[in-house]
Amino acid sequence: MKKSLRSARPPRSRQPVFTLLERDSILLWRNGHVLVTAILMVVMMTLTLLLPERIAGKPKELVLDQLTGSPLQSAYAAQAKLRFASDEAGLRASLADDPGLTGIILRGTLEQPQATILAGAHLPDSALALLEASIDELLRRTRNSAAADTTAVSATSAQGTMPAVHYLEAQRPEPPLYLRGLPVFLIFEAGILGFLLVAVFVFQEKQEGTLRAFLVTPAKRSAYLLSKLATFTLLSLLYGAGVLAAGLLRGVQPNLAGILLTLTAAAASLTLLGLGFATFFDNLSQWFFPGLGVLVLNMAPFLGSVNPVFQPFWLSLAPSWPFLKLAEHFLQPGGQLPILPLILAASWLAGSAIFCTLALRFKLLKGAA
Amino acid sequence: MITVQNLRHDYEGKGACAVDDISFTINDGMIFGFLGPSGAGKSTVQGLMTGLLALQEGNIAYDGVPVNRLGRSFFQRVGVSFEHPNLYGKLSGLENLRYYAGLFDGPTEDPLDLLAKVGLHDAAGRRAAAYSKGMKQRLVFARALVNKPNILFLDEPTSGLDPSTAERIKELILQKRDEGCTIFLTTHNMADADRLCDVVAFLNGGKIVAMDAPRELKLAYGSRSVRVEERIDGRISKHTLFPEKPEEAAKLKALIDGGRIETMHSQEATLEEIFIKLTGRGLG
Chain A
92 MKKSLRSARP PRSRQPVFTL LERDSILLWR NGHVLVTAIL MVVMMTLTLL LPERIAGKPK
152 ELVLDQLTGS PLQSAYAAQA KLRFASDEAG LRASLADDPG LTGIILRGTL EQPQATILAG
212 AHLPDSALAL LEASIDELLR RTRNSAAADT TAVSATSAQG TMPAVHYLEA QRPEPPLYLR
272 GLPVFLIFEA GILGFLLVAV FVFQEKQEGT LRAFLVTPAK RSAYLLSKLA TFTLLSLLYG
332 AGVLAAGLLR GVQPNLAGIL LTLTAAAASL TLLGLGFATF FDNLSQWFFP GLGVLVLNMA
392 PFLGSVNPVF QPFWLSLAPS WPFLKLAEHF LQPGGQLPIL PLILAASWLA GSAIFCTLAL
452 RFKLLKGAA
Chain B
331 MITVQNLRHD YEGKGACAVD DISFTINDGM IFGFLGPSGA GKSTVQGLMT GLLALQEGNI
391 AYDGVPVNRL GRSFFQRVGV SFEHPNLYGK LSGLENLRYY AGLFDGPTED PLDLLAKVGL
451 HDAAGRRAAA YSKGMKQRLV FARALVNKPN ILFLDEPTSG LDPSTAERIK ELILQKRDEG
511 CTIFLTTHNM ADADRLCDVV AFLNGGKIVA MDAPRELKLA YGSRSVRVEE RIDGRISKHT
571 LFPEKPEEAA KLKALIDGGR IETMHSQEAT LEEIFIKLTG RGLG
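Chains A and B, in that order, are what the protein sequence lines are. Residue numbering for the first sequence follows the numbering used here, beginning at 92 and increasing consecutively. Residue numbering for the second sequence follows the numbering used here, beginning at 331 and increasing consecutively.
Be aware that one or more of the hints could be misleading.
Here are the simulated BS3-like cross-link-like pairs (lysine-lysine), alpha carbons at most 30 Å apart as the crow flies [claimed, not checked]:
hint, chain 1, residue 1, chain 2, residue 2
1, B, 607, B, 537
2, B, 607, B, 500
3, A, 457, B, 478
4, B, 420, A, 454
5, B, 500, B, 447
6, B, 500, B, 420
7, A, 457, B, 548
8, B, 463, A, 457
9, A, 457, B, 344
Short, incomplete list of chain B residues facing chain A, as computed with Cβ under 7 Å [to be verified]:
hint, residue
10, 382
11, 402
12, 416
No lab work stands behind these hints: they were computed from the structure. All C-beta atoms in this analysis are idealised placements derived from N, C-alpha and C, irrespective of residue type, glycine included.
Construct all of the structure, not just a fragment, from the sequences and the given hints.
What follows is the structure in structure tokens.
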């Protein structure tokens with residue numbers, strides 16, 4: 092105790108923001124926020140290190156080729172892209188075993204085929220149209236291939252006449268699975284956990300009534316805001332550094348400055364948003380459903396990132412979207428900097444800062460002085 | 331000097347004023363007691379004076395400067411002890427004081443010295459959440475002193491304390507007054523107010539019903555009496571007489587002349603009795 096007696100008085104030259112920063116860091120540790128973030132970081136690092144480059148899936152269509160001469164089976168049986176049933180009973184048995192499987196029975200001749208589709212569950216029109224187009228394309232290629240055998244046309248034309256695709260931008264190679272997941276893993280903490288943890292922190296202060304004590308000190312509201320911002324941003328950066336390190340081990344070659352700036356901006360923006368949002372509620376119970384709504388909105392771009400087909404316009408309205416897109420860009424450098432995500436990220440950062448400042452001034456730290 | 335003029339505050343704006351046309355002045359180095367039951371408006375007045383509540387009507391000035399023009403630097407010289415202990419439960423007592431001291435620019439007290447003064451030195455390293463209610467109250471009181479304030483707002487500072495600890499706190503309050511600190515004391519403990527305050531104001535229903543030095547209030551509103559016990563034929567007979575009434579003064583003289591008096595005590599009205607007399611209600 093004698094030793095701490097000498098150091099009990101805080102240094103006089105220190106600004107209040109550093110005192111607040113020290114307090115927030117201690118509480119972050121004692122509230123278990125650091126532990127939760129560390130666990131999440133380990134999970135994400137593990138995923139980054141262990142996810143394969145590709146997941147090879149089985150075809151979800153089973154074809155029964157009853158065309159005269161079984162030309163499809165002859166041409167494609169050796170390829171893993173198509174699976175064939177030996178007879179209709181076998182096809183139906185397979186469909187019964189796997190309800191996700193779609194059966195295709197082809198009868199007649201290659202020139203005049205009749206296709207029947209057997210589906211266990213309802214097929215949406217769009218899926219049905221895709222399936223029909225695929226069958227047509229398969230038959231067309233098979234016909235061309237047969238014609239090539241007799242007229243000795245080139246092997247290229249035998250593959251069919253797919254339309255030529257001209258890309259307007261330089262195309263990057265298709266990223267491996269772990270690299271597709273990495274932007275999500277990096278932004279997840281700021282977008283989901285950071286938003287939640289800062290709210291928990293504020294509710295604790297509200298419950299303990301310590302904000303009233305803060306209001307009767309000369310410390311400014313800006314010091315309070317900066318302390319929270321710095322604490323949670325630093326936590327996000329430490330988390331991000333761990334996940335990024337796993338990516339580097341995996342061979343990812345990111346634009347480091349770009350990805351760190353993106354991560355900092357994401358953490359700052361979502362901390363400010365979470366802090367401002369939490370001021371309108373007294374406790375976690377009140378916050379839960381509105382907060383969950385924001386979290387779900389924030390998670391939607393992550394789903395879009397995993398499933399590229401899911402890209403509705405409204406995804407870009409989620410706070411996490413621009414940061415996710417920028418992270419995708421900087422993790423696999425090349426091509427032009429995406430302008431829309433850049434503008435939206437800057438807007439979210441500025442908007443969150445203004446929103447949070449006003450929420451603190453007129454709600455959380457409301458006082459006459 | 332603190333000047334409060336025509337203070338009025340209506341939380342809901344529906345005409346039900348929590349504080350209604352209150353005016354008073356607190357001279358430097360004085361302990362001003364604000365007494366009243368729960369809901370009388372004491373905390374509202376303290377909230378307005380400390381800037382926690384925005385001023386709606388009336389004026390509050392510190393040395394002539396309106397409270398809404400003081401800015402945050404005003405709090406450099408103000409200490410506030412809240413009725414409900416508002417501490418960081420996951421910080422120790424020492425950490426709570428160190429944190430709070432770090433929010434001020436000027437010289438501060440040594441947190442450990444303060445903890446020793448309020449009897450918490452041995453519990454300095456223990457988390458505040460593990461403190462008893464009385465310990466938390468003392469820690470909040472110590473926190474109010476950490477920036478060496480010259481204006482102190484104390485809201486029920488002895489609430490929940492055992493008599494010896496309460497006495498220690500009262501001594502500290504008097505010590506601060508002797509050092510020149512101006513103290514605004516909110517309490518419903520009339521005995522504390524009687525002992526500590528230079529001036530007390532009785533607050534009821536948002537209005538001040540009486541305000542003066544405790545002694546002057548007793549003289550103005552209390553009736554002095556004399557309690558006499560005499561022995562007649564082996565039995566004790568008790569009398570309470572009011573010498574201000576001529577017939578009772580004569581009776582007292584007769585008792586003295588009779589030579590049978592065993593005990594005789596003068597009695598003053600208490601502040602609580604005066605409050606009840608003025609408002610028709612107690613302080614519970």
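Hints, verified against the model:
A threshold of 30 Å between alpha carbons decides the hint, and for residue 607 of chain B with residue 537 of chain B the separation of about 16 Å falls inside it, so the pair holds. Using a Cα cut-off of 30 Å, the hinted pair residue 607 of chain B and residue 500 of chain B holds, with the two alpha carbons roughly 27 Å apart. Of the pairs offered as hints, the one joining residue 457 of chain A and residue 478 of chain B holds, with about 25 Å between alpha carbons and a cut-off of 30 Å not exceeded. Proposed proximity of residue 420 of chain B and residue 454 of chain A is supported: the alpha carbons are some 25 Å apart, at most 30 Å.
Proximity of residue 500 of chain B to residue 447 of chain B is assessed by CA-CA distance (about 12 Å); at most 30 Å being required, the pair is judged to hold. Taking the CA atoms of residue 500 of chain B and residue 420 of chain B, the gap is about 28 Å. The hint holds against a cut of 30 Å. Taking the CA atoms of residue 457 of chain A and residue 548 of chain B, the gap is about 41 Å. The hint is violated against a cut of 30 Å. Restraint check for residue 463 of chain B and residue 457 of chain A: the C-alpha separation of about 27 Å stays at or below 30 Å, so the hint holds.
Proximity of residue 457 of chain A to residue 344 of chain B is assessed by CA-CA distance (about 22 Å); at most 30 Å being required, the pair is judged to hold. A cut of 7 Å between beta carbons decides the hint on residue 382 of chain B: the least distance to chain A is about 5 Å, and the hint holds. Given the 7 Å rule on beta carbons, the hint for residue 402 of chain B holds: about 5 Å separates it from the nearest Cβ of chain A. Below 7 Å, beta-carbon pairs count as interface contacts, and residue 416 of chain B has one with chain A at about 3 Å; its hint therefore holds.
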